[in-house]
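**Q** In the UniProt record's numbering, the protein residues as written are 1 to 132.
For the record, the hints were derived by calculation from the structure and aren't laboratory data. The structure displayed is predicted, hence computed values, not measured ones. Treat the hints with care, since some could be wrong.
[As the list claims (entries may be wrong)] Label-pair ranges, simulated between beta-carbon atoms: (1) H40 <-> R14: 27 to 37 angstroms; (2) G104 <-> A74: 24 to 34 angstroms; (3) L88 <-> P117: 11 to 21 angstroms; (4) A80 <-> A102: 10 to 20 angstroms; (5) G132 <-> P89: 29 to 39 angstroms; (6) R82 <-> E13: 34 to 44 angstroms; (7) E56 <-> R82: 21 to 31 angstroms; (8) A17 <-> R82: 30 to 40 angstroms.
C-beta atoms are modelled at their ideal positions from N, C-alpha and C, and glycine is treated no differently.
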Amino acid sequence: MKSTTKIEQGDIERVLAAAVAEAASNGWNVSVAAVDPGGHLLGFIRRDGANAASAEVAVAKARTAAIFNGPTGALEDRIAGRPGVMTLPGATPLRGGLPLVAGGELVGAIGVSGVAPQQDEQIAQAGAAALG
Numbered sequence: 001m002k003s004t005t006k007i008e009q010g011d012i013e014r015v016l017a018a019a020v021a022e023a024a025s026n027g028w029n030v031s032v033a034a035v036d037p038g039g040h041l042l043g044f045i046r047r048d049g050a051n052a053a054s055a056e057v058a059v060a061k062a063r064t065a066a067i068f069n070g071p072t073g074a075l076e077d078r079i080a081g082r083p084g085v086m087t088l089p090g091a092t093p094l095r096g097g098l099p100l101v102a103g104g105e106l107v108g109a110i111g112v113s114g115v116a117p118q119q120d121e122q123i124a125q126a127g128a129a130a131l132g
């Protein structure tokens, strides 16, 4: 049976807005990306003052969370015991990428970069929570 659950533009806007609000409330200048389940970019915001490199990293984290269907922090945690994780194609094993789930199905992912790993993840969680 083919999935009928899809993420819509309004959903992406809500996810990004919630993430940016979390970042702004803490004074954090970050980049935030949202992708579809295949890792294709659907939305992106780079806050004023965010490091240029954070743009690429946010997209990479979102893509990793989507194609591996899990938090990028889980891949980061595996590196200590299994450094080969770093060689997985398409893997960016850094905290701050989370899958977006609706109706129990993967509909995309969010990636955040620009501050400490736990802070990136906190912002991504706020964005993901906005999807409901």
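**Q** It remains to establish, for every hint, whether it holds in the given structure.
**A** Going down the list of hints, with the structure as the test:
Checking the proposed 27 to 37 angstroms range against H40 and R14 shows it is violated: the Cβ atoms sit about 19 angstroms from each other. The hinted range of 24 to 34 angstroms is not satisfied by G104 and A74, whose Cβ atoms lie roughly 19 angstroms apart. In this structure the hint that L88 and P117 lie 11 to 21 angstroms apart at CB holds, the actual value being about 19 angstroms. Distance hint check for A80 and A102: the Cβ-Cβ separation is about 32 angstroms, which falls outside the suggested range of 10 to 20 angstroms.
At about 32 angstroms, the CB distance of G132 to P89 agrees with the hint of 29 to 39 angstroms. Judged by the Cβ atoms, the range 34 to 44 angstroms given for R82 and E13 holds: they are separated by roughly 38 angstroms. Look at E56 against R82: about 25 angstroms separates their beta carbons, and that is inside 21 to 31 angstroms. Between A17 and R82 the beta carbon distance is about 37 angstroms. The supplied range of 30 to 40 angstroms therefore holds.
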